[in-house]
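Undergrad: As a plain string of letters, each chain reads:
Number of protein chains: 2
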Amino acid sequence: MGPVASEGQLAFGDSLVAAGVLTRSGVKGVYGMGTAFVAAFESVDRFVTESGRGDQPEVYRFPAVFSLEYLIRSEFLRSFPNLAGSIHGFDGGDAEHAALLRDADGLDWAAQLTATDLVLLPAACYPIYPMVSGELPEGGRLFDVLGTCFRHEPSDDPARMQAFHQHEFVHIGTPESSLAFRDDWIGRSQRMMADLGLEVVADAANDPFFGRAGSMLAASQRERALKFELLATVSSEEQPTAIVSCNYHLDHLTAPFGISASGGGTAHSACVGFGIERIVLALFAEHGLEPDHWPNETRKRLWL
Amino acid sequence: MGPVASEGQLAFGDSLVAAGVLTRSGVKGVYGMGTAFVAAFESVDRFVTESGRGDQPEVYRFPAVFSLEYLIRSEFLRSFPNLAGSIHGFDGGDAEHAALLRDADGLDWAAQLTATDLVLLPAACYPIYPMVSGELPEGGRLFDVLGTCFRHEPSDDPARMQAFHQHEFVHIGTPESSLAFRDDWIGRSQRMMADLGLEVVADAANDPFFGRAGSMLAASQRERALKFELLATVSSEEQPTAIVSCNYHLDHLTAPFGISASGGGTAHSACVGFGIERIVLALFAEHGLEPDHWPNETRKRLWL
Chain C
2 MGPVASEGQL
12 AFGDSLVAAG
22 VLTRSGVKGV
32 YGMGTAFVAA
42 FESVDRFVTE
52 SGRGDQPEVY
62 RFPAVFSLEY
72 LIRSEFLRSF
82 PNLAGSIHGF
92 DGGDAEHAAL
102 LRDADGLDWA
112 AQLTATDLVL
122 LPAACYPIYP
132 MVSGELPEGG
142 RLFDVLGTCF
152 RHEPSDDPAR
162 MQAFHQHEFV
172 HIGTPESSLA
182 FRDDWIGRSQ
192 RMMADLGLEV
202 VADAANDPFF
212 GRAGSMLAAS
222 QRERALKFEL
232 LATVSSEEQP
242 TAIVSCNYHL
252 DHLTAPFGIS
262 ASGGGTAHSA
272 CVGFGIERIV
282 LALFAEHGLE
292 PDHWPNETRK
302 RLWL
Chain H
2 MGPVASEGQL
12 AFGDSLVAAG
22 VLTRSGVKGV
32 YGMGTAFVAA
42 FESVDRFVTE
52 SGRGDQPEVY
62 RFPAVFSLEY
72 LIRSEFLRSF
82 PNLAGSIHGF
92 DGGDAEHAAL
102 LRDADGLDWA
112 AQLTATDLVL
122 LPAACYPIYP
132 MVSGELPEGG
142 RLFDVLGTCF
152 RHEPSDDPAR
162 MQAFHQHEFV
172 HIGTPESSLA
182 FRDDWIGRSQ
192 RMMADLGLEV
202 VADAANDPFF
212 GRAGSMLAAS
222 QRERALKFEL
232 LATVSSEEQP
242 TAIVSCNYHL
252 DHLTAPFGIS
262 ASGGGTAHSA
272 CVGFGIERIV
282 LALFAEHGLE
292 PDHWPNETRK
302 RLWL
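For the record, the sequence lines run as chains C and H.
Numbering-wise (this note's numbering), the first sequence opens with residue 2 and increments by one.
Numbering-wise (this note's numbering), the second sequence opens with residue 2 and increments by one.
Mixed in with the good hints, there may be bad ones.
No copy labels: a pair is met if it fits in one copy or bridges any two.
Straight-line C-alpha distance at most 25 Å; calculated DMTMM-like pairs for lysine to aspartate or glutamate [to be verified]:
| # | residue 1 | residue 2 |
| --- | --- | --- |
| 1 | Lys301 | Glu200 |
| 2 | Lys228 | Glu177 |
| 3 | Lys301 | Glu51 |
| 4 | Lys228 | Glu239 |
Simulated from the structure, these hints should not be mistaken for laboratory data.
In isolation and in its complexed conformation, chain C is listed as follows (with noise of 0.2 Å):
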């Protein structure tokens, strides 16, 4: 059930709850955060939004909870299954109210339960696609969310969160286009990363696909060079974590919802997202959990 954390990745942690910056929720993996958190957090979103206003992309934000049927579509289950969290709701009476009640002292309240048609949101670009749906105008489309995301993987170290927040700019239209998308945000957002004073490395990643055939869709993906990621020190210098990703997707998200580009042809898409939490512990780890003494260059870019 998830990584285990280095004691580097658990004495950050400590560092961060101690001084109020996050707080333990009862969970592994899941956070509150404090007042210098929210601050950080707030300043890092609009950094983000700020720095793609130009494109003018469509503006949406999405719920935590998504369509089953949608991400059944998106093959993510195929891909993910261990990441996913599904959504069961109690629809008895009186009579399985009070069974749930017994059972629930005991915490086995799980047998009085069935599945919604609703999971949590694994990322933040997914309702995306099957709004879209049909033939693209010239030029694609360009849009702009913000998502409360989740994935089952609980862990000790802060950077490795259950619940959290991406922010990604994602572009739908032709193969090359997509590309093109791609490879301009791998060098836009390490640009921003070096605004803010935190040294990334970018290198080809792949996503962590599930069980035998996920460990060939992962090595196919590395060798496509369809995923980057930029590297930060948060947690450990060994292990550093990934902040930022860029990826093309390919039609895996486009052929599923019957999304066409303008005058027929094939629909791909591409995305950069930003970890906003792990951004904001990127700052802290690099500049100190006292946002008042962050260098100035990096309180000015967050306007702080």
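Given chain C, work out where chain H should sit, using these hints.
TA: Leaving out everything else, chain H in the frame of chain C:
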């Protein structure tokens, strides 16, 4: 499964979707927010923050997921089992994964899932009480929280979403200070809504307690005047919507977490909760679907 929407409510939802203010998600009561809604949402949220800033609350933000154990201790399952959302996950290996994919094709994947230690957060203030536990300082404590909330009540009324945001100010102190806090905010929140050009009526109310026993709890809550709501016309004039609620909790949320008042007496709590989506919807209903044409006074208050 959730109340039936009136024709007026259906028509209001359709007009919002047609204007691109909201987008449908494939699931009842779950919407995406388009550009105009996002801008109004951020403005209303800031308006709420600024209205309470002078009281210097401690600012916390908590994720959309919450400890099952704490939800049980809060008695939520006793009072509102039908509204809860439990998070289930997949713990299997390759063989179970193959079965999962077979079942998921028929949208019946629940058999392969097990309950996690997480539920969806049903109200923004719930994570505060387990965090506070122990003896309060003199004068109690005051919090500002914005939460991503979930209640399983699929409805076609856009004012009754399954996933929504509450912005709350929460006081934990003595019985006297809690009641005074709640009463103060009944007046303050009415003036705030008037400043936005919204006509509201304050009325004693009760939560939708479940089942036979629940109707007695609801009657008692109303008789003891523990809950007041500000009602506005959103999707229907006949069925106004609660856009703000002012609640005196007695010791329901403090006693389960061992919170005591300064000096060791009984701690009570109270909160004012602003339903951000509902306030935004009330603004669209009252002032029209184009924020550029809202009254000057409303626009000024919202920095639009």
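Undergrad: Which hint numbers does the structure go against, in order from smallest to largest?
TA: none
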